[in-house]
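Order-wise, the sequence lines are chains A and B. As numbered in the working numbering, residues 1 to 308 make up the first sequence, in order. As numbered in the working numbering, residues 1 to 562 make up the second sequence, in order.
Keep in mind that the hints were calculated from the coordinates and are not lab data. Honestly, I wouldn't trust all of these hints.
Dumping the calculated SDA-like pairs for lysine to any residue here, alpha-carbon to alpha-carbon at most 25 Å [said to hold, decoys possible]:
#1 Lys174(B) with Arg263(B)
#2 Lys128(B) with Leu285(A)
#3 Lys283(A) with Asn218(B)
The model shown is predicted, which means the values in this text are computed figures rather than measured ones.
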Amino acid sequence: MSLLTPVQGWYHKPVAKDERMWMVISLLLCIMLFVWMIMWHVYGKQNPSNVTYRTSPKEYAKMAEAYLKKNMMGVDNGVPVVKPEPNSDVLVMGEMWRWSPVLILKKDEQYNIHISSKDLMHGFSLQPVNMNFQIYPGYDYVLHFKPTSSGEFKIICNEFCGIGHHTMIGKIVVIESDADLVKYGYDKLKAPTVFKKDSANAGVPKTEAEMMSAGEQLYTLKGCVTCHKTDGTTLLAPAWNGLFGKKETVIADGNTSDVIVNEEYIKESVLEPQKKITKGFEKVLMPVLTVSNEEIDQLIVYIKSLKK
Amino acid sequence: MDTLLNIPHRTCDITGFKVDLRSQTLIRVNAVVAVVCLLMAIVGAILLVFTRYQPVHLLSAEWYYRLVTFHGLNALIFWIVFFEIAGLYFGSTVVLNTRFCAPKLGWLSFILMVGGMIMVNVMVLSGKADVMMTSYAPIKAHPLYYLGIILFAVGALLGVALFFGNLMIARKEKTYGETLPLFTYGLMAAAIIAVITLASGAIIYIPTFLWSVGLIQNIDAGMYKLIWWGLGHSSQQINVAAMVSIWYLVSFLAVGGTSINERISRTAFVLYIFFICLASAHHLMTDPGLSSAWKVWNTSYAMYLAVLASMIHAFAVPSSIESAQRRWGYSKGLFEWLSKAPWGNPAFSSIVLACIGFGFIGGTTGVIFGMEQTNIIVHNTLAIPGHFKGTVVIGTTLTFMGITYYLIPLIFRRKIVAFKLAKAIPWLFFIGIAILSVSMIVLGQFGVPRRHWDASFSGGPFTHNFNPAVDFFWTLMMLGGSLAFTAALLWVLQVVVSVFFGPRVNGPQDMQLKISALAPEGKKHKGYEAPGTLILTLLFLLTFLVLFFLNWKWLAATWNVN
Numbered sequence: 001m002s003l004l005t006p007v008q009g010w011y012h013k014p015v016a017k018d019e020r021m022w023m024v025i026s027l028l029l030c031i032m033l034f035v036w037m038i039m040w041h042v043y044g045k046q047n048p049s050n051v052t053y054r055t056s057p058k059e060y061a062k063m064a065e066a067y068l069k070k071n072m073m074g075v076d077n078g079v080p081v082v083k084p085e086p087n088s089d090v091l092v093m094g095e096m097w098r099w100s101p102v103l104i105l106k107k108d109e110q111y112n113i114h115i116s117s118k119d120l121m122h123g124f125s126l127q128p129v130n131m132n133f134q135i136y137p138g139y140d141y142v143l144h145f146k147p148t149s150s151g152e153f154k155i156i157c158n159e160f161c162g163i164g165h166h167t168m169i170g171k172i173v174v175i176e177s178d179a180d181l182v183k184y185g186y187d188k189l190k191a192p193t194v195f196k197k198d199s200a201n202a203g204v205p206k207t208e209a210e211m212m213s214a215g216e217q218l219y220t221l222k223g224c225v226t227c228h229k230t231d232g233t234t235l236l237a238p239a240w241n242g243l244f245g246k247k248e249t250v251i252a253d254g255n256t257s258d259v260i261v262n263e264e265y266i267k268e269s270v271l272e273p274q275k276k277i278t279k280g281f282e283k284v285l286m287p288v289l290t291v292s293n294e295e296i297d298q299l300i301v302y303i304k305s306l307k308k
Numbered sequence: 001m002d003t004l005l006n007i008p009h010r011t012c013d014i015t016g017f018k019v020d021l022r023s024q025t026l027i028r029v030n031a032v033v034a035v036v037c038l039l040m041a042i043v044g045a046i047l048l049v050f051t052r053y054q055p056v057h058l059l060s061a062e063w064y065y066r067l068v069t070f071h072g073l074n075a076l077i078f079w080i081v082f083f084e085i086a087g088l089y090f091g092s093t094v095v096l097n098t099r100f101c102a103p104k105l106g107w108l109s110f111i112l113m114v115g116g117m118i119m120v121n122v123m124v125l126s127g128k129a130d131v132m133m134t135s136y137a138p139i140k141a142h143p144l145y146y147l148g149i150i151l152f153a154v155g156a157l158l159g160v161a162l163f164f165g166n167l168m169i170a171r172k173e174k175t176y177g178e179t180l181p182l183f184t185y186g187l188m189a190a191a192i193i194a195v196i197t198l199a200s201g202a203i204i205y206i207p208t209f210l211w212s213v214g215l216i217q218n219i220d221a222g223m224y225k226l227i228w229w230g231l232g233h234s235s236q237q238i239n240v241a242a243m244v245s246i247w248y249l250v251s252f253l254a255v256g257g258t259s260i261n262e263r264i265s266r267t268a269f270v271l272y273i274f275f276i277c278l279a280s281a282h283h284l285m286t287d288p289g290l291s292s293a294w295k296v297w298n299t300s301y302a303m304y305l306a307v308l309a310s311m312i313h314a315f316a317v318p319s320s321i322e323s324a325q326r327r328w329g330y331s332k333g334l335f336e337w338l339s340k341a342p343w344g345n346p347a348f349s350s351i352v353l354a355c356i357g358f359g360f361i362g363g364t365t366g367v368i369f370g371m372e373q374t375n376i377i378v379h380n381t382l383a384i385p386g387h388f389k390g391t392v393v394i395g396t397t398l399t400f401m402g403i404t405y406y407l408i409p410l411i412f413r414r415k416i417v418a419f420k421l422a423k424a425i426p427w428l429f430f431i432g433i434a435i436l437s438v439s440m441i442v443l444g445q446f447g448v449p450r451r452h453w454d455a456s457f458s459g460g461p462f463t464h465n466f467n468p469a470v471d472f473f474w475t476l477m478m479l480g481g482s483l484a485f486t487a488a489l490l491w492v493l494q495v496v497v498s499v500f501f502g503p504r505v506n507g508p509q510d511m512q513l514k515i516s517a518l519a520p521e522g523k524k525h526k527g528y529e530a531p532g533t534l535i536l537t538l539l540f541l542l543t544f545l546v547l548f549f550l551n552w553k554w555l556a557a558t559w560n561v562n
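Okay, chain A solo, but in the shape it has when bound:
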């Protein structure tokens, strides 16, 4: 009696036949479910990985950048493209708001895909196969993927990571042979020369043209491209084309003032992005990036080259 104290002898009342039957069925089902998960580790081909390494967002970003400099074979819509060898370690990074790099994988080959985040939590959601994993900052998650279908796949972010979350979408292309690269327009990709060790230009770029080319590579490599567009669109941040020499209204400590975009202002904006914020873009805060002074100079040359 749910509102009253139960009747005398309630504790010793025998269990009815049908209730006992149902409980036995339920218990068997519970055991079956438990054993099923264990058996899938033995016979199943989809099991979340147990391999994780401790890292820090900074350290992982450094490793991922080095990996890209070494292996990048071109750029697709501002995202570096890499075609790793089967069974090799691949470094993928989620950051606000992109997955980098674009991967070209071979069907039925295994890859050790490391994934970590540079900033917040991200959700690695491979579509349309629909496989989903949680990506943390500070944790290097190693997933041993073997694509069993070929074609073009997308990586959606499905963990909220700020206002540009919906723009965070990456790409994986699975080919059966190198001849398939044509289908995706990847046969004409050109690897940037500036980062190649064996290149004549290795080391510090010197001429204006080299500086500009290096700046352009940094623009994709560091992810500036995610928010700063060069086609004049300003969804998340000021566009870079025609930016140099322009008069911008900025907010500093709550006061509005005008600045001319010059070398000094760009340098300050990279090193201390929150000091002066361009009016109209107060809601999307730019992260502090690890960029050297030489790299800033290269970026400035690149920005200067972008005309309206």
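Dock chain B against chain A, hints included.
Relative to the frame of chain A, chain B by itself:
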């Protein structure tokens, strides 16, 4: 009973219970604030539905994420916890004929909770906490947001402590028989789970608050998520225990039904206490840093012992109704007990629909999605909120909406205005949420992400087109959402008008909902006690197995990963 001798009280002319008036006021204020929070939650919900429905795409990205946070907190936390505190006070004083142990502390608890709730909502709406309900570190909100949550949790914890205080008085002064009524026993299970839950909340929100004001350098993302779900998921298990208690209560009120075996029902509640809090692991299946052994053990609540508890209730609740109905004479065939059930009683229809929705939609998907490997195909997709629309909305919310129809005359002493409407609301709400929930689950299985402003990925370097079938389910979701919103809004209006302007109840003749006498003693018999229920539960089992194999088949079709 002299326990209430020097205390302002009344003897209920309908139930005969002695009601401590101080307790009655506390129940009333908590219930009223709960309804206000539900209203905020559903206003948020309808705006979200029409944003995700791409042809309308109502809100800006900023306001979309802000309202996802707002809706989640008000629906999952504030509405439910305020209502539960009212329920705990009701179950520990009125039902036990006893007095409220410390009414002043009851008010302190109420003030802390209301203060916290307002603080959190102000922070969220002013754009200082666009962090989602989960606020996964290192995403950071304004310190006052975390402080608001802490105040609310401390208030709720105090309320739970007062519940135990009331139980102690009742036990010491022997105001009930030897054994707690099953309803209060179930609430006690809910209260114990609440203590574990709120402790997890304190463990994670206090350092996070200190981090937000700069006193702590770093909050580890993995640690945060693990402990946060000790609050986030376990708090939903409080709801399960409270909801099942109400199911038993309504079976008793509507048809005079009692559990056909109280020992079994009580054992099931004990299983909840021991094992249900492991479900925090459900949110960590596809995360780095945890071993498979840890995942399998925890996600299965130590070999599914909490699932076993729910399966036991799934039989015990309907069988209590069936057994009572049969003893009232509705014993023809397998299902006369069901066709002749008091469907005109909105509390009864609510709990039956809640039971069906919770089992067939929320329960099946919950167990399947919570398995280590199948979680890969649903994690963070729209299927997850689809699942918990089936548990928390059809299950808990509809149950709470239903029992309110008894609380209005018994605790607020008002008649229900436009009673005919009350008969329709549970059905409309059930159909609306069922459509919404199933559409979301299907969309999720197509890979559509949750908490995502624009499924066309405008502004991104690439785009992705989902299976064209999603358009149909988006429309269905919008229609289901609109229907559910309408029903919930009507319910809120009806409750508010009845509570503040309804005609007063002056005795049993004003009771619109029947309070049944205890079903007569049955003849001793050997066969099945509840054959109709057994058929229904087997049907449920079949549905579960079909969904189970479908999901594993879909998983097996994906890429290999280990």
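How the hints compare with the structure:
1. Lys174(B) with Arg263(B): holds (22 Å)
2. Lys128(B) with Leu285(A): holds (14 Å)
3. Lys283(A) with Asn218(B): With a Cα-Cα distance of about 24 Å, the restraint between Lys283(A) and Asn218(B) holds, given a limit of 25 Å.
Violated hints: none; the structure is consistent with every hint.
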